[in-house]
Structures are given as C-alpha cells and as structure tokens.
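Protein chains in written order, with this note's numbering: chain S, 99 to 236; chain D, 99 to 236; chain G, 99 to 236.
Worth double-checking, as some hints may not be accurate.
If chains are identical, the list can't say which one is meant, so a pair holds when it fits in one copy or spans any two.
[Stated by the list, open to error] Here are the simulated lysine to aspartate or glutamate pairs, DMTMM-like style, with alpha carbons at most 25 Å apart:
(1) K152 to E235
(2) K152 to D129
(3) K152 to E228
(4) K152 to E221
If you're looking for bench data, these hints aren't it; they were derived computationally from the structure.
Take a look at the letters that make up each chain.
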Amino acid sequence: MLSSAVVAFAFRLSPGADLKRELLAVARSRDWRAVAVLTCVGSLSAYCLRFAGKGEGVTRAGSFEIVSLVGTLSASAAHLHVGLADENGSMVGGHVLDGCVVRTTAELVVAELPALRFDRELEAATGYAELTIRPREG
Amino acid sequence: MLSSAVVAFAFRLSPGADLKRELLAVARSRDWRAVAVLTCVGSLSAYCLRFAGKGEGVTRAGSFEIVSLVGTLSASAAHLHVGLADENGSMVGGHVLDGCVVRTTAELVVAELPALRFDRELEAATGYAELTIRPREG
Amino acid sequence: MLSSAVVAFAFRLSPGADLKRELLAVARSRDWRAVAVLTCVGSLSAYCLRFAGKGEGVTRAGSFEIVSLVGTLSASAAHLHVGLADENGSMVGGHVLDGCVVRTTAELVVAELPALRFDRELEAATGYAELTIRPREG
Numbered sequence: 099m100l101s102s103a104v105v106a107f108a109f110r111l112s113p114g115a116d117l118k119r120e121l122l123a124v125a126r127s128r129d130w131r132a133v134a135v136l137t138c139v140g141s142l143s144a145y146c147l148r149f150a151g152k153g154e155g156v157t158r159a160g161s162f163e164i165v166s167l168v169g170t171l172s173a174s175a176a177h178l179h180v181g182l183a184d185e186n187g188s189m190v191g192g193h194v195l196d197g198c199v200v201r202t203t204a205e206l207v208v209a210e211l212p213a214l215r216f217d218r219e220l221e222a223a224t225g226y227a228e229l230t231i232r233p234r235e236g
Numbered sequence: 099m100l101s102s103a104v105v106a107f108a109f110r111l112s113p114g115a116d117l118k119r120e121l122l123a124v125a126r127s128r129d130w131r132a133v134a135v136l137t138c139v140g141s142l143s144a145y146c147l148r149f150a151g152k153g154e155g156v157t158r159a160g161s162f163e164i165v166s167l168v169g170t171l172s173a174s175a176a177h178l179h180v181g182l183a184d185e186n187g188s189m190v191g192g193h194v195l196d197g198c199v200v201r202t203t204a205e206l207v208v209a210e211l212p213a214l215r216f217d218r219e220l221e222a223a224t225g226y227a228e229l230t231i232r233p234r235e236g
Numbered sequence: 099m100l101s102s103a104v105v106a107f108a109f110r111l112s113p114g115a116d117l118k119r120e121l122l123a124v125a126r127s128r129d130w131r132a133v134a135v136l137t138c139v140g141s142l143s144a145y146c147l148r149f150a151g152k153g154e155g156v157t158r159a160g161s162f163e164i165v166s167l168v169g170t171l172s173a174s175a176a177h178l179h180v181g182l183a184d185e186n187g188s189m190v191g192g193h194v195l196d197g198c199v200v201r202t203t204a205e206l207v208v209a210e211l212p213a214l215r216f217d218r219e220l221e222a223a224t225g226y227a228e229l230t231i232r233p234r235e236g
C-alpha cells in the first residue's frame, strides 16, 4: 500500500461553473497526478448524475445543497460522487457527470498526494476505467 | 490557487453539544484561521437545517446518524452542510444552523491549513457572505 | 485538544470485498493507531446498516453508489457511517456493519495521524464503546 505526504489546496468555484469540468481544468492547469477531495460545501442549480448501475445521466434543475462530495482525480480523469439535498431537504446522489452547475458557491479543499500518481485503466471485470495507484516516480 | 501544509486535529463532542456552536467555540479558543472538516461520525438528537434556496431553518427532533459533514471554518464563521439518516435510513440534508444537538457522540477530525486564512465577505451576486482565501501572512 | 501530522494512504477495494472487514484488515496489517477516512468513491452490491437508534442491522441487495463515507478507525475498531444512492438516486444511510459488499470498486484515501492513538471504551452514558484520543506515546 502506498502512502504520501499531503498538500492541501483551497479554492472556490463561482456561480455557473461546471463542477466536474472545472475541477478537471484546475487539475490540468496544475498538472495534478493524485488528488483526493477533502471537503466541498456549496450549492448547485442543476445536476446531471448517473445513478447506480445505470448507463445514462439524469438531469434536473432546482436548488440543491452539496452535502457530500467524494472522489479522486488527476489531470486526466475525475471520479466523483455527490450527495445533494433539495428545497425540502430530500436527498439524491450519484456519479457526477458534466452538467452539475454551481448555484451560489462551491468551496473546495482537496489534498494533493505528491508521492503518488492516479491513472485509470479499463478493467474487463467491471467494464469501467478503474483507478491505479502508483509511485509518482518509478 | 493557494496551498498549505495540513495539521490534523481530532476531538469528540459530547451528548447535548450544539454541533456548529461547539465547532466555532473550538475555532475561537484555538484562533483557527483556515480549517476544513475531514470527517465527522456521530449522531444527533435534533437538527436545525436551512434547506436549499430557503431563508429559514427547519427543526426536527429524533435519532439521526451523521452520514456526512462538509465545510470550512475559522474563528469568525463556519459554513457547514450535513447529511443525516433517520431510524429508517431515510436521509435529509442541508445547511447547518444552531440547533443541531449531539445525541451520543460526534467524532471529528479537521484539517488546519496554517498557510491560509479564511474570511467571509458579503457578495452582492449571491447575497451571502462568501468565502475568501488568502495567505495567512500578507 | 490533540493534533498530528498527516500521512495519506490510497488504496482500492475489489469487487466482493467487505467494506468494514477489509478496512479493519488493512488497519491490523499496518498496525494503524489513528486513522480518519478522507474520501471513498465506489459502489456496493449489498449493504448491512444499523439505522439511527436501532439495535439490529438492515440488509438489502442492489446497486448502490457510495456517496459518503465518514469515520475513524484503528487496528482494533472502526466507526463508519455511509450514505448510499440507489438506481433512482434515492439515498439511505447509517452505521456500517459487516455485510457492505463492494460492487465495482471502492477507492479510498485515508489519513493516518502518527502522533495519535484512537481507542474505544465503554461509556455508561451512551451504552456504546466511545472514542478516546490520546498521544501515541505517553
């Protein structure tokens, strides 16, 4: 099992930003190789999520609080799941696709793991590009 | 984008503690300038949450597992969202207000970011006091 | 209040793995004394959760996205709560018991806190083995 020191990055996304695209744009601009989401607090005006075991995304507009954001990312890919709460507090969750739009803000703190690199490789058993974790050098 | 080393603090809130007030009391007593919630596992006997896009809080008593707590805080303010699961596993989520009361425990691990300072300034575009992220010195 | 540096560990659980048992097996093999979950993104094919205020677990099979995993662990015990979203995005959450089975993957990043040790001691007030946080040496 591989370990690393941690460097935290804190930043805020503005209204209208696409959550996943923006995170990947930041990752590419900084050439991040291995990052984990530590916390994200904010809101969305629309979501596009792939629900468990489904092939396509579901889109809905409204007001949603971001109650949870988990995931790993690098400059080449992001794997993010989100939990959202609506105007009645009811929750929906799933796999984040393009189309999750920031409503008022999204405050993010992420952990870069400088000793590691995250890549994704197609795995026959699951049909998905699954995470590989390697030392950054070597 | 600003980065920082991380110092982790681990502590536990006791039955009856108010989640947000207690976190702010800890932040003030330690003069924290930039902190992110890493994990919180515990339970509540009552919540007071502001749901998405609403102005007022909703209060409810019961037994709730804390399934997610995300957010940022400093000695002057906290921005926290929580996801709670009830006696049937049903979930509710929203913006944490005063009135979220610990039932059995709340185990918290938070990350202090010593290179940064978090402040909040009223933003006309959203009507909320939004997060600003600055170097701690400078 | 006790603080610590942070060492991050990244790893992946494979299809069929039991989430809690596997985490405890890793913790024992590495002799972890104080660890916090930072992020977990993946899916389950079955869950066994204890809902808030209940004594027994509830088991259900299906397809679930892991939307949140919070908790603390050491080689001797783990306290984990999870939020799951089903094929319709509906969410369920609770206290993780044995029987939460990984469906496609579970990508985990956890924080070891080398200055601390987490233990659990029965607390009369709650009836649960509650977290104690001590310096690792001393």
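Cross-check of the supplied hints:
1. For the homomeric pair K152 and E235, neither the shortest alpha-carbon distance inside one copy (37 Å) nor that between copies (49 Å) is at most 25 Å.
2. Taking the closest pair of Cα atoms, K152 and D129 never come within 25 Å of each other, the shortest separation being 31 Å inside a single copy and 39 Å across copies.
3. In this homomeric assembly, K152 and E228 come within 25 Å of each other (Cα to Cα) only inside a single copy, at 17 Å, whereas the closest approach across copies is 36 Å.
4. In this assembly of identical chains, K152 and E221 lie within 25 Å of each other by CA distance solely inside one copy; the values are 18 Å within and 39 Å between copies.
In this structure, the earlier hints numbered 1, 2 are contradicted, and the remaining ones agree with it.
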